[in-house]
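There are 2 protein chains.
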Amino acid sequence: MSEITNRFATGAPQNLEERFASRAAHMKPSEIRSLFAVASRPEIVSLAGGMPNLSAFPMSMMADVVQKLVLTNGAEALQYGSGQGHPKLREQICEVMALEGIRANPDDVLVTTGSQQALDLISRIFIDPGDVVLAEAPSYVGALGTFHQYEASVIHVETDNDGLVPQGLRDAIKSVRAAGRKIKFLYMIPNYQNPSGVLLPAERRTEILNICREAGIFVVEDNPYGLLGFDKPSPNAMRAEDSENVIYLGTFSKTIAPGLRVGWALVPPSLKEKLVIASESSILCPSNFAQLTISSYLAEQPWRDQIASFCDLYKTRRDAMLESLDEYFPTTAKWTKPGGGFYVWVSLPPEIDTTALMPKAIVAKVAYVPGTAFYADGFGSWSLRLSYCYPTPERIRVGVKALGEVIKTEMLRRGSNQLS
Amino acid sequence: MSEITNRFATGAPQNLEERFASRAAHMKPSEIRSLFAVASRPEIVSLAGGMPNLSAFPMSMMADVVQKLVLTNGAEALQYGSGQGHPKLREQICEVMALEGIRANPDDVLVTTGSQQALDLISRIFIDPGDVVLAEAPSYVGALGTFHQYEASVIHVETDNDGLVPQGLRDAIKSVRAAGRKIKFLYMIPNYQNPSGVLLPAERRTEILNICREAGIFVVEDNPYGLLGFDKPSPNAMRAEDSENVIYLGTFSKTIAPGLRVGWALVPPSLKEKLVIASESSILCPSNFAQLTISSYLAEQPWRDQIASFCDLYKTRRDAMLESLDEYFPTTAKWTKPGGGFYVWVSLPPEIDTTALMPKAIVAKVAYVPGTAFYADGFGSWSLRLSYCYPTPERIRVGVKALGEVIKTEMLRRGSNQLS
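In the order they appear, the protein sequences are chains D and P. Following this note's numbering, the numbering of the first sequence begins with 72 at its first residue and continues without gaps. Following this note's numbering, the numbering of the second sequence begins with 72 at its first residue and continues without gaps.
Okay, chain D solo, but in the shape it has when bound (with noise of 0.2 Å):
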C-alpha cells in the first residue's frame, strides 16, 4: 500500500508495458518460432531451415588459417578495429564483388555483422514509422522483421517466374503515392530469390533500376545466392549498372561460413557516413577476429574452388528435391525450379492452409517454413517454402515423400468435406 503510493507520488510507471517503447510492441515471437524449436530435433527431416551445408568445407585448413592468424597477427586479431571494416578486407571485398560486375571503391564499403546488420543499419537510417518499403511478394523473412521493428509498412510488388514484375513495381509507386505515403526504398533478391529461388533477368534488373531512379527510390539489393548458381553464372549484379541509386547488400554466410557472421554494404558515398556512424552506434566495430579470419582465407585458400564444390553440392540436392516433388507430390501443387540457391517455393490449391498443416507434417517427421513467413500482410496461407541445402539428397526425398502424403492426405479430408 504504501509503495503504492509512493509510485504515484514520484510519477513512476504503473506496469512494465508502459515502461517500453512504442516500437517495442512489434517485438512479438513469431507463430514459427516455436516451430523452428521442433523442426531442429534429429528425427525430424527440415526443409525449413536456410542454414548453408558445410560439409564439403575443408576444416583442417581452416584450422590452420586461424591459428596461423592468430599467431602471426594476433594483437591486430583480437584488438578493436575500424567501425567501417578492416581496409584489407574491404578491398578484397571489391575483388569478390568483380565477379558479379561490380566495380566498387574499398572506401565505400562497410562490413557488417552478417547482412542482417546491413538490413538493420539502413533500416535505421531510412524508416520513420509508418514510411513505405517495397519487397518482392514473396521476401525473405528476416529482412520483413526488421522493417516492421522500425515500424515500416511492407508493400509486396508482384512477381512471376522471373522475378519483380516492372509493371506491378510502376502499380505499386503510384498506387502508394496516390495515397500520400513515402516510399523509402525497393528491397530485393534478384539472385535465386528467399523463398521463391527464381532469377530475375537481366533485362528486367535494367528496366527495375530506371524506374526507381526515376522515382527518387533506392534500391537495396540483398544478394546472398549471386556465386551460388548451378548452370551458369547469373546476370550481372544490379549494383554493376547504377552506382548511385543501388544498396548492394553481400554477405560471406553461403560462400565461406556464416558461424563468423561477416557481411557487407556497398553504399552509394552520399549514405556512407551516416551508416559507419549507425554501425559504431550498434556494434562499435565489426569483428577484426573475424574479418581477418576471412581476409587471410580469401587471400590464402582457393576460395573460387571452393564456391564451385558449394554449387555442386546444393545442384545434387536440388535435382533431388525436384525429382522427388515430381514424384510425390499431387499434380495440382506447383513449384519453382531454382537454377541456384538454397529454396523452391510451392503453391498449392488455394484452400490447403499450410499453417495449420505444420503439425500433420511433423507427425510425419518432415518441417517446411509456411509461405504466410513471407509476406507482411497475411497473404501466402496456401504457399510454402522448402529448403534443399542442408539435408543429404536421400534424406530429402524421404522429407519430401512424407510431405507430398501429408498434402494429399489433406486434400482428400477437405474433397470429403466438400462432399459431404
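These aren't lab readings, by the way, just hints derived from the structure by calculation. Be aware that one or more of the hints could be misleading.
The list cannot tell twin chains apart, which means a pair is met if one copy fits it or any two copies do.
[Said to hold, decoys possible] Okay, derived cross-link-like pairs now, DSSO-like style, lysine-lysine, Cα gap no bigger than 30 Å in a straight line:
hint: 1; residue 1: 159; residue 2: 436
hint: 2; residue 1: 159; residue 2: 139
hint: 3; residue 1: 99; residue 2: 253
hint: 4; residue 1: 436; residue 2: 245
hint: 5; residue 1: 303; residue 2: 436
hint: 6; residue 1: 431; residue 2: 386
hint: 7; residue 1: 139; residue 2: 343
hint: 8; residue 1: 99; residue 2: 159
hint: 9; residue 1: 436; residue 2: 408
hint: 10; residue 1: 343; residue 2: 405
Owing to the predicted nature of the structure, the values given are computational and were not obtained by experimental measurement.
Following the hints, put chain P in place on chain D, whose structure we already have.
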C-alpha cells in the same frame, strides 16, 4: 528538365535529406572523430583511446585454442547459432559473473556483439524520442552516442569521488518528473567508471538500488572493468542485490580480448523475449566462431590468472600516470586516483578549454579525450580523460610531461591575457 518534371509528377523526394528517417539527423560525425585519426599516428603518445593492452596475452596458446576448436567442432563453430547466444557460453558467463556475487540463470543471459550491442538493444526496447535517460556526470561516450541516436534526452546526475551521489539522483528524478517527462532507466558504470575511474562504494549501491526500485526506474549496470581492480576486489555487482530491476552488461573485451566482440546482458526475465527478438532483427545471431573460441578458452585455460596478469600490467601503468601527473601537472589541476580500470579524469582551471587545447597537444605529440565528449549537454570543457591502459609506462611519462607543459603554457598565456 524532363527528369525534374518527372520527379514532381511521381511525388519523388527532391533531395537526400528528406529521404532519411528523422533519427538520422542525429547521425553526425563527432568532433573527436578527426582528432582520433591524428592521435593514432605512431609519433603521438595516445592517452586518448581505451584499447586493452594485449601485450600480456598469450597468443600461441590462443592460436592453439582456435585451431583445436575448428578441428574438433568446426561444423558448429562456423554455422549459424542461437539468437540468444550459445547455451554453453551462457553457462560459463554465469560462472564469470559469480566472481562479483551474481547468482544468475543462463536462460536470462543474452550474448551480444560487444556490450555496445546490448546498449543498442536496451535503447531500442525502451527509448521513444524525448524520453529521459539518467547517467552519471560524466558518462561513457559510446553509451551517450547510442542514447542520442534513439533520440533520448540524457540528464546527468551529480557524482563525486565515490561515484553517483544518491541525493543527486533523488533530485534529478524529482525534477525530471515534475517537468512531466518519462525516465526510462539510469545508466551507470559502478566499477572504475569510464571516464572518471571512480568506484561506487557498497552502501551507495544499495541506496541507489532502493531509490530506483521505488521510483520504477531500471538500472543499467555496465561493468566492463569490475574484475580489473588493482588492490582489492570491487564490491559485489549491483545486480547481485537486485535481479528484478537491474539490467547487467558484461563483456570479454577487457578480460580476454575485444577483437572477438563478445559481450552479454543479464536481464530480468520480463525483458528477455523482447531483447532476443530485437537482437535477431539486428544481427540474426551472435558469432558461434567467436563465442566458442571464448568458451574453449574459458574451459581450457587459466583465465583467472590471465586477468591477474592484466591487473598487474594496468596497475604499473596507473602508477606511472599518477606519479607523472604529480610531477608534471600544474598544482591547480585535480585528478582522480583510480583503484582499477583504464582511466584518470582530470579537471583543470575552468578557463582552460580542453577541446581548443587539443591541436596544441597534438603538436606536442600527445593526445587525450576532451571532457565535453562525456557529457550530453556541453559541460566538461575544462576536463579531460587520460587512458593509461595501452602505452608503456615510459611513454605514459613522456606523454603526461608533454601535456603538462602544454597546459602550463596555456595557463600562462591565459594569465597574461587577463593582465593585458
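Status of each hint after checking the structure:
1. 159 to 436: Between copies only: 28 Å across, 46 Å inside.
2. 159 to 139: both (17 Å within a copy, 26 Å between copies)
3. 99 to 253: Both, since 26 Å and 24 Å are each at most 30 Å.
4. 436 to 245: neither (46 Å within a copy, 59 Å between copies)
5. 303 to 436: Result: close neither inside a copy nor across copies, 35 Å intra and 57 Å inter.
6. 431 to 386: Answer is within; shortest intra-copy Cα gap is 29 Å, inter-copy 63 Å.
7. 139 to 343: Neither: 33 Å inside a chain and 38 Å across chains, both beyond 30 Å.
8. 99 to 159: For residue 99 and residue 159, only the inter-copy Cα distance (26 Å) is at most 30 Å; the intra-copy one is 39 Å.
9. 436 to 408: within (24 Å within a copy, 64 Å between copies)
10. 343 to 405: Neither: 43 Å inside a chain and 41 Å across chains, both beyond 30 Å.
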